[in-house]
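Fit chains C and B to the known structure of chain G by using the hints.
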Amino acid sequence: MTDPTFPTMIDLAGVSKAFTLHAQGGVRLPVLDRVDFAVRAGECVALVGPSGAGKSTLMRLVYGNYRCTTGSIGIRHDDEVIDLAAASPRTILAIRRRTLGYVSQFLRVVPRVPTLEVVAEPLRMLGVDKAEAVDRARILLARLRVPERMWSLPPATFSGGEQQRVNVARGFAADYPILLLDEPTASLDAANRDTVVALINEARERGAAIVGIFHDAAVREAVATRTFDIEGVRAAA
Amino acid sequence: MNDTPLLQVEGLSKRFGRIAACDDIGFDLHDGEVLGIVGESGSGKTTLLRCLSALIAPDRGTVRYRMRDGSRRDVFALSEPERRLLMRTDWGFVHQNPRDGLRAHVSAGANVAERLMAVGARHYGEIRERATDWLARVEVDTARIDDAPRTFSGGMQQRVQIARNLVTHPRLVFMDEPTGGLDVSVQARLLDLLRGLTADLGLSAVIVTHDLAVARLLSHRLMVMRGGQVVEAGLTDQVLDDPQHPYTQLLVNSVLQP
Amino acid sequence: MTMPLHTEARAAGYNFAFLDEQTKRALRRALLKAVAIPGYQVPFASREMPMPFGWGTGGIQVTASLIGPDDVLKVIDQGSDDTTNAVSIRKFFRRMTGVRTTERTEEATIVQTRHRVPERALSDDQILVYQVPIPEPLRYLEPRETETRKLHALSEYGLMHVKLYEDIARHGHIATTYAYPVMVGDRYVMDPSPIPKFDNPKMHRMRSLQLFGAGREQRVYAVPPFTSVRSLDFEDHPFAVQTWDQTCALCGAGDSFLDEIVTDDRGGRMFVCSDSDYCSRRRGDGETDPARGAAAE
Chain G
1 MTDPTFPTMI DLAGVSKAFT LHAQGGVRLP VLDRVDFAVR AGECVALVGP
51 SGAGKSTLMR LVYGNYRCTT GSIGIRHDDE VIDLAAASPR TILAIRRRTL
101 GYVSQFLRVV PRVPTLEVVA EPLRMLGVDK AEAVDRARIL LARLRVPERM
151 WSLPPATFSG GEQQRVNVAR GFAADYPILL LDEPTASLDA ANRDTVVALI
201 NEARERGAAI VGIFHDAAVR EAVATRTFDI EGVRAAA
Chain C
1 MNDTPLLQVE GLSKRFGRIA ACDDIGFDLH DGEVLGIVGE SGSGKTTLLR
51 CLSALIAPDR GTVRYRMRDG SRRDVFALSE PERRLLMRTD WGFVHQNPRD
101 GLRAHVSAGA NVAERLMAVG ARHYGEIRER ATDWLARVEV DTARIDDAPR
151 TFSGGMQQRV QIARNLVTHP RLVFMDEPTG GLDVSVQARL LDLLRGLTAD
201 LGLSAVIVTH DLAVARLLSH RLMVMRGGQV VEAGLTDQVL DDPQHPYTQL
251 LVNSVLQP
Chain B
1 MTMPLHTEAR AAGYNFAFLD EQTKRALRRA LLKAVAIPGY QVPFASREMP
51 MPFGWGTGGI QVTASLIGPD DVLKVIDQGS DDTTNAVSIR KFFRRMTGVR
101 TTERTEEATI VQTRHRVPER ALSDDQILVY QVPIPEPLRY LEPRETETRK
151 LHALSEYGLM HVKLYEDIAR HGHIATTYAY PVMVGDRYVM DPSPIPKFDN
201 PKMHRMRSLQ LFGAGREQRV YAVPPFTSVR SLDFEDHPFA VQTWDQTCAL
251 CGAGDSFLDE IVTDDRGGRM FVCSDSDYCS RRRGDGETDP ARGAAAE
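Residue numbers (the numbering used here), protein chains in the order written: chain G, 1 to 237; chain C, 1 to 258; chain B, 1 to 297.
Extracted from the complex, chain G is given alone in its bound form:
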């Protein structure tokens, strides 16, 4: 359902990324070379390519976590397009708060914060009132089969799969216009994988622009509207 009338949410133009390792005598590791990549609202684009090719790097560039060496990263935020490569930290934080959701492979947890609050936090940051945010968190945790007795515990001691589900719940708590998903189903069983697939499709149907890395071909099949092969923009090492 790539409707050409839907707005372009992500628009990368001529983006290159190279790492310079000063500790290794300034050796330069090019990763991406002149990437042009656009995603419209209502699309779910799966990044494909061999591991180490730069899929995660591309995601991190779109999230503003990495700085690109050249090029521009346009993000539609509150009806204007902002170039992340030139935006101030304050603007990037505002974009992340309202526009850009990111589900990473690993949950970075704050000690002592209970699961329910971890999940509700993105909504709280948007100014949603506490009761409503917690209600939404409950629904998501229940859908992802995180046992209710664990909701009041900090997720630090949870298993990998449990942490991943908390992470997914957190990523889907706020209805972000753009969602970046880095292996959201990696350590999940079949039932939870299906739930995540359903969540992704629901998000796309409400008009989110989604970019994801899905190693599981069945999941990719079930959610992606198209693929983007990173091999074509991989920098020659």
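Keep in mind the hints are simulated off the structure, nothing from the lab. Just so you know, these numbers come straight off a predicted model, no measurement behind them. Please note: incorrect hints may appear among the correct ones.
As the list claims (entries may be wrong) - Quick list of the computed label-pair ranges, beta carbon to beta carbon:
1) G:D36 x C:D133: 55 to 61 angstroms
2) G:G52 x C:G70: 52 to 58 angstroms
3) C:G154 x G:A38: 52 to 58 angstroms
4) G:G52 x C:F76: 51 to 57 angstroms
Unchecked claim - Here are the computed lysine to aspartate or glutamate pairs in the DMTMM-like style, where the Cα-Cα straight-line distance is at most 25 angstroms:
5) B:K150 x C:E82
6) B:K163 x C:D74
7) B:K197 x B:D265
8) B:K150 x C:D31
9) B:K163 x C:D141
10) G:K130 x C:D192
11) G:K130 x C:D200
12) B:K163 x C:D192
13) B:K150 x C:E80
14) B:K150 x C:D90
15) G:K130 x C:E126
16) B:K163 x C:D31
17) B:K202 x B:E147
18) B:K197 x B:D124
19) B:K91 x B:E107
20) B:K150 x C:D74
21) G:K130 x C:D31
22) B:K163 x C:E126
23) G:K130 x C:E80
24) B:K163 x C:D147
Ideal placement from N, C-alpha and C gives every residue a C-beta, glycine not left out.
Relative to chain G, chains C and B alone:
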């Protein structure tokens, strides 16, 4: 949200003899922003904090602050009474060693209540209620309100110091290694508390730390200092995950995964 | 030995009132400044006196700088004219000046006191000189002199209430009973010297000039006549003076500050006026011991 910066720093320099402790430093801090300053001992980060908070005067440069009435004032051009009033109402300063920020011989309650009385609160019942409320917010057992802080653990003392600073609802808090001398488990609890308080109260803060994990958890933005200069600045996760400057890379690679 | 004592002192080379005239002038200049800035502590060059610091050397120097041959001096210690400190200071001034001394409050032109304000109201031609051990009311909480000066200069007196807060937190009420801090002329917080807080209200808009001298600490300060002197307090814990269930066992007074006197080693005690002049005059004026009066009936 106000688009005028709360704090605007330009060309700030401070020398001690031949050593440039701060060299031409400038940045803006907006409402609700937490800025971390990292660097090793001697990098000038503490001197910078002391200049910013008007504890010492820089040799050159300006620090402009947006007052509660919206006017923007150079903090070094304020009269001493104005500056002192600012420091005990709209600003806070959390010292690394709670002994430097607390009165050792008066009770925890009086330590918290002092700023209220300093701005004219004269109703004992109300003062005590607010002190009790703040001790509870920083998770100090309110049954100990009348005990002297010297009978408290280090972590508790630090929390009393935080309550003492926040009781007047400051808009800007300076912190110098706030989790410095504490055990790891106590640190985690304090970090969580600070993170919650800054978010809930919409506080702006400048936090000096040499601990990158503390910086990642608390700050939105980071400045990396070395030899009195800012070598790299930006979004906290950007600076830590994709460091550009050789020194920042060295710093990030020298610690266990923050 | 027919020569009056003070003539003997003059013959031995002592100046009138012990201090040399330059020192007195310097002190009077400091006192004028103190009067001009009510409650403000003025430094002065305190001299060695022929008694140790802590024995009222500040008050003695203030008195010495003011006293003239026509003055009449009264000296009290804890309200009494007969205690060691009062007796020795009175004797000192008799020898050094030859002025008349008195125990009757209304006769005196200068009343030097330690720890009390006389019960009888003073008039505008009298001067009350207080002996002060620690002039700085903020010292208890702030040991740095540079900082306390700044606090006074900027009228930052929140700290003073910290002490009162601690009192209430600890005792349920303001337990400070002497040297109770006051605000003078709505500007400076002042230590009234270790008088009981019972005497604080007497300082408010007093008709006579009040001067304070701290010898060891080298400070003088003043409350000019008719100056407001307000005791610090909280809205919900207002300032209140001490009260007693008893009246004075000797004169029956119910309006004076009472001292508790242990009368034997079997727990016997009685309460009597601390102001000895006030008490004896009331008895002379016909007031009787209520206990004895009851027995007579």
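Now for the hints, and whether the structure bears them out:
no.: 1; hint: G:D36 x C:D133: 55 to 61 angstroms; in the structure: 56 angstroms, holds
no.: 2; hint: G:G52 x C:G70: 52 to 58 angstroms; in the structure: 53 angstroms, holds
no.: 3; hint: C:G154 x G:A38: 52 to 58 angstroms; in the structure: 54 angstroms, holds
no.: 4; hint: G:G52 x C:F76: 51 to 57 angstroms; in the structure: 53 angstroms, holds
no.: 5; hint: B:K150 x C:E82; in the structure: 13 angstroms, holds
no.: 6; hint: B:K163 x C:D74; in the structure: 35 angstroms, violated
no.: 7; hint: B:K197 x B:D265; in the structure: 30 angstroms, violated
no.: 8; hint: B:K150 x C:D31; in the structure: 32 angstroms, violated
no.: 9; hint: B:K163 x C:D141; in the structure: 22 angstroms, holds
no.: 10; hint: G:K130 x C:D192; in the structure: 18 angstroms, holds
no.: 11; hint: G:K130 x C:D200; in the structure: 12 angstroms, holds
no.: 12; hint: B:K163 x C:D192; in the structure: 33 angstroms, violated
no.: 13; hint: B:K150 x C:E80; in the structure: 10 angstroms, holds
no.: 14; hint: B:K150 x C:D90; in the structure: 20 angstroms, holds
no.: 15; hint: G:K130 x C:E126; in the structure: 28 angstroms, violated
no.: 16; hint: B:K163 x C:D31; in the structure: 36 angstroms, violated
no.: 17; hint: B:K202 x B:E147; in the structure: 31 angstroms, violated
no.: 18; hint: B:K197 x B:D124; in the structure: 23 angstroms, holds
no.: 19; hint: B:K91 x B:E107; in the structure: 18 angstroms, holds
no.: 20; hint: B:K150 x C:D74; in the structure: 22 angstroms, holds
no.: 21; hint: G:K130 x C:D31; in the structure: 22 angstroms, holds
no.: 22; hint: B:K163 x C:E126; in the structure: 17 angstroms, holds
no.: 23; hint: G:K130 x C:E80; in the structure: 42 angstroms, violated
no.: 24; hint: B:K163 x C:D147; in the structure: 14 angstroms, holds
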